[in-house]
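**Student:** Protein sequence lines, in the order shown, are assigned to chains E and L. Just so it is clear: in the first sequence, position 224 is 224 by my numbering, and no numbers are missing. Just so it is clear: in the second sequence, position 329 is 329 by my numbering, and no numbers are missing.
Please note that a few of the clues may not be correct.
Not the full set, but computed from the structure, chain L residues with beta-carbon under 7 Å of chain E [unchecked claim]:
1. Tyr188
2. Asn245
3. Glu872
4. Arg1009
Please keep in mind that the hints were generated in silico from the structure rather than gathered at the bench. Note that CB positions come from ideal geometry on N, CA and C, so glycine has one too.
Residue strings, one per chain:
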Amino acid sequence: MWLPHWPITRLSRGVSASPDRPLVTIEAIRGVRHLVAVGVHGEAQGLRPGQTLTDARAVCPTLIPVDADPAADEVALGRLAAWCERFTPMAAPDLPDGLWLDITGCTAVFATEAELARALAARLAWNAIPCRVAVAGTTGAAWALAHAGADRTILPLGEEKAALADLPITSLRLDTGTVTGLRRLGLRTVRDLLRIPRPQITSRFGAMPVLRLDQALGAMEEAIDWPRPLIGWNERLAFAEPIGTPEDLALALAQLAERLCRRLAEQDKGGQRFIAWFFRVDDVVPRITVSTALPARDAAYLTKLLGEKLDTVDPGFGIEVIVLEAETVAPLSAPQTQLADVAAQEASDRLTGVVDTLTNRLGLDRVSRVAPFGSHVPERAVQSIPPLALRQPSWVDDPAAPRPIRLLRRPEEIEVIAPVPDDPPIRFRWRGVSHRVCASAGPERIAAEWWRAKRSGGGRPETDLIRDYYRVEDSDGARFWIFRAGLHAADRMPQWYLHGLFG
Amino acid sequence: MGCSGDLILPTPSPRPPPARGGGGYAELQVASAFSFLRGASSPEELAATASVLGLSAIGITDLNSVAGVVRMWDAAKEVGVRLVVGARLSFRDDTPDLLCYPQDRAAWGRLARLLTVGKGRVPHGDTGDAAKATNRCFLHYTDLLEHGEGQLLLAVAPDRLDVGFRENLQRLQSDFRGRAFLAASRRYRGDDANRLRAMAELPLPMVATNDVLYHLPDRRPLQDVMTCIRLGCRIDQAGLALQPNGERHLKSPKEMERLFREYPEAVRRTEDIVERCGFSLGELAYEYPDEPIPPGLTPDEHLADLTWQGAAVRYPDGIPRRVRDTIEKELLIIAQLNYARYFLTVHDIVRYAVGHGILCQGRGSAANSAVCYCLHITAVDPAQIDVLFERFISTERREPPDIDVDFEHERREEVIQYIYERYGRERAGIAATVIHYRPKRAIREVGKVMGLSEDATAALSAQSWHAGGELWSDDCLTEIGLDPQSFVVRRSIELARQLVGLPRHLSQHVGGFVLTRGRLDETVPIGRAAMDQRTFIEWDKDDIDRLGIMKVDVLALGMLTCIRKAFELLEIKNLAGVPTEDTAVYDMLCRGDSIGVFQVESRAQINMLPRLRPREFYDLVIEVAIVRPGPIQGDMVHPYLRRRQGLEKRDLPSPAPEYGSADELEQVLGRTLGVPLFQEQAMRIAIDAAKFTPEEANQLRRSMATFRNSGTIHRFFEKMVSGMTARGYAQDFAERCFHQIEGFGTYGFPESHAASFALLVYVSAWLKCHHPAAFACALLNSQPMGFYAPAQIVRDAREHGVEVRPIDVAASGWDCTLEEGALRLGFRLINGFSQEWAERLVEARGSSFAAFSFAALVRTGLPRAALVMLAEADALRSQKLDRRAALWQVRGLSDMAELPLFAHQPVAIHHVPLPIMTTGEHVITDYQTAGLSLKSHPMRFLRTLFNGEGVLSCAQAAGLADGTRLSVAGVVLVRQRPGNGNVVFCTIEDETGIANIVVWSSLLERFRRAMMGSSLLLVTGRLQRSPEGIIHVIAERLDDRSAMMARVPETSAAVGRLPMRSPGHPRQERIFPRSRDFH
């Protein structure tokens, strides 16, 4: 199976490209950015791989360039291979943009090979993955036909030679140097190549062309490296009869969780995100996802988390296969159960458990904790972070800018008597009580964060959007953090606020 | 808990004392935009604000740099503010940052050397883009001790006043007794009162500063953005790295007194420091190097000697009376202005080049003088062009003379190394070029900081060719799908506009050398360039001009390489060896036959030639200058052409009679029929007609060159237009003159440069006219250069009757050569072939071409890859092997061919059933391997197909009448999109010739893909024929026919072949060399 424009296919799931705004991948070669993959839309706009980005922009100024990421392409291809498990357990990526599927003996479910090819192509098309499929008795022939033959060719055994003769030599999986060399000699099709005595070819182009010919024509076996296990951390359970009751499903999940966690433990790993796929008889695949705050591999715990979401799965007419996958896997060493730490460990485990339960029930974005954030504006100096995220470095206490122990959620208006323009106040009234200032420090001038859209700027110049903070102590020894919003102006008295309390 | 120690009682009487009568404060801690990505205001803005606020003086202390001081000096002079110059030094050890103010000239020299030492220590490879922008300099306290004499030092307090800082101050106090201070600022951080009190108790006397980063408070956002650019983060992530408030601006003396009311002496001390810094940049008296002068002679005497000796060589039949007079007059002016050493220095450099066979040619204001002609600095004969030396060097302006020397581009480095060797690195350095933010870069960096999406930023930066007010206008934004009301977009654009024109980093000038008699590093710090062995100073060419320092531009020019190579083939000694004023050469140029000729080979120039019809040398001077932004924006081209063709009468713009004589511009415009074409003329009009002072004219020129301050430009516009109209000049003429000066701002083209270029135009045209084979040969050997690819050069040569022979193993060398008058192509044309292989092959071949055989070729021991390339380039025909057979043979060789055992084996020829190669395939492969084919043109094979479609050949098209509708098709050679973007010019080629296509922008959007993307283009449109017979096709429809190229082999085949499937492999081979695109 050939997936033309694979990188674009992968990317276009996340980027809003359109025929007018084609998505392309780019790569810098010696500082010049070149197009790598252009996709169907890009081709229609006249873009070509290998073009420089500058030239490409001249042709199509609206293109959306994205950095090429072959590693991500490869990972995604691996995923797709795993997905093909529904057709055959023998599915392997053919880098950079194809898949091998060994469908020997897999036609039981699908009546014919052609039917299987149709189902596969249809399923991919439904997922907006363009592909070309060919079925043949040899790897080489299948590859050649998928790339250069008619789409969905089903080649009966023994007809390889006839079918391939008219295909171009590019269909033989040779590197560009060899292809150019052969073309320069006028050898353009497989037929041309077959005419030349084999030793003559080998002495000029190495063993590859002849090897590829043999592999295509069935004279030589080709070993494909089938991934085992298909992709890292998953377990699969197939049922002779489709199942559907919640009890059956829970039982199956428990079994899968047990197997998966055992494997994780063997390698000192833990999963942070688990997905259970339910392959229904009618081609619909509901799934449930659970996340844990810390890497986990406790089967019972995992079963519990999954079980809480099981009611979202509609079994329809029955489920044939369940796959449980640990998507994000991180190292997790065996718990160190030292006597002294048992209590702390248990408390921490309990906290983790609570957080996970809350998170999975309320949603990932509803549970958080506060952490310091770099901002001069006091009320902006905290932010929400995931509940068990690693501790951010906390505030470096700046003795020059001490912050009150209690910051009011909203600054409260106060009446103040203070000398102009920016000396500390002498007296102020808060919540009806008058305070005489006996000591003070300041001002600490904090300007508005100009890059945030002003909610009510009212056309005032930015220089006005400042606060002058003072630490003041009244005659009772109580300390307050108060500020004046803005500077004195001829026509306007600035308003004062109380924003926090020290001690 | 009571009133504890860190709080202070409110002062009972808050009213500040009234300011002492005017002034009383000098700001001494100022970072301009030359503290790259730290300071957010230009020196001009700072100086102007200082003046408005009434500061008694302003200091400039850029981080580890004095790059901005000259601009600041100039700006301060203009607004009448006293300036003290210094730098802020940062140290690698725990020494706090110090503001360093030299008290006298000697101390300035030590500061410059100190910075030079520090810059020299910055490790190589650490001068990348980000690092360049951050003023890097590695200094230690010991360096300061060494260079500290005569400096006043102000220590900058760190955030925490710890014990270490106190110890450092004690050290400063004992090492620099009476010359060290402590800079203290009110930071508005809440602890100011305590901090100042603590500082007052530190060992050094306190000096009030405001640690200025910008001139006005509303620059705070830009300064924040700069911080983000420097740190590479988004604005909302920058957090505490930003300043908490906008207080770091220039403040008035009154305000400073209020802020420091408890420490009035700290304010007063600023003025004391200013008083103690007696040094001014004006003291940097410049002295020319005196190397070349033999003992016992004055520079003037020596220059006179050399000039008269040279004159005798130049005029073997006796020096003409007029030339003799000119020389005497010039020598007199040079003596008056004391410029002899400058001419001698340039002469010395040129003499080195000539002595080493390096072709060179001077240009610039002083270069077109009789003296320079006699000194062989230039080859423009003063007898041939009316040189007006005084026009270029005026005694009143006292500008340093300006001579640029062009050298062969392949050998300029030799000259540069000679200069370093002769003057030493302490005395020679390359001038800096200040790289300013341009709209494109500004919006890209601001957009990134503001968190605009990548494609929004890209779209905005793609808009940046829009001029002035149209840049990022609401309409433009809507057009690219951005909401002009969006806060982020509006803000980003506003900030990008502020950023445009501010300096970004220093780079080295292309070749402007500064040479001094004493140590250069005691005048200005010298830094190391990112690449190679260069060193460059911190000041750019304008700074150097202002200080009256001499500069020689050592530039590289490809055409000189080409001319020298042609001269070698023809055994001509130098530029003077070419006969002058040859009619045949002008005839050729009038026909527009100028492919390969210097400066006039572009499409626009080829069109201009038949209209201008150059008949003498001065016409070429005009030809070179006229197709430039200046005359075009000033709309001066057509008036000039009309007058030249006699369609309009020569008419001198003149003032109203009461304001001056009607021919006051005769001197200026007489030679160009009353139309200003050159930069000097436009500037002269500003002075003579609009009555600018020379100094104002200079300011005008500079403000044009830096295109910042659109406000100032407007001021000049008013002044020039009103100045001229008030004196009776026509409004329209005045406005056009101004626009012309604006055009010169982007690309100045003075007459003195044009004259030197015109000589190279003439010489290259003479070569093309009389020695086309040698000329083409030299052009090919000097590639890459010029406008055209080898294929067009070869084609043009063949059209001029030159026999061109193919690359062949038995005859070619690395370079192209001349063989009995024919041009033999060299191995250098083969893509990827190396010079070393070529040399090995030539050596092995020896002189006996005839005996050379395939076996001998194999014995050369060239790697198989080399032999494959030769075979693929069809270079084995002399061995009776055509391309395919040769490839088959070469491919059959083992990689072990170097082994002697194998090498002596006769190579057996196997006969295998390879398909026969069609001519079409050969042609295509020729293009793929060598970029050109001598066998045929690919279009020939498609002709039948195109005939069927009614497509004409270029030759047929050329014969049609004006206005005929037609279709032509051809290979795209060049695409050009001139500045304003209204039109794209495109040249296509078929087997009969070329056609010039004009595509208007209205059409472009519809056919963009075909226009910009195709290699084979089918154009349908209307023929336009100008009165001079120049032909264009105005396109109405464009079709991309590149796919037809794949059919070339098939259409040329004798027998029908299997239709080729389109290969499934994504990478298709490129058949043609890239078109030369200028977009």
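**Student:** Confirm or reject each hint.
**Tutor:** Structure-based check of each hint:
| no. | hint | verdict |
| --- | --- | --- |
| 1 | Tyr188 | holds, 4 Å |
| 2 | Asn245 | holds, 4 Å |
| 3 | Glu872 | holds, 6 Å |
| 4 | Arg1009 | holds, 4 Å |
Checked against the numbered hints above, the structure violates none of them.
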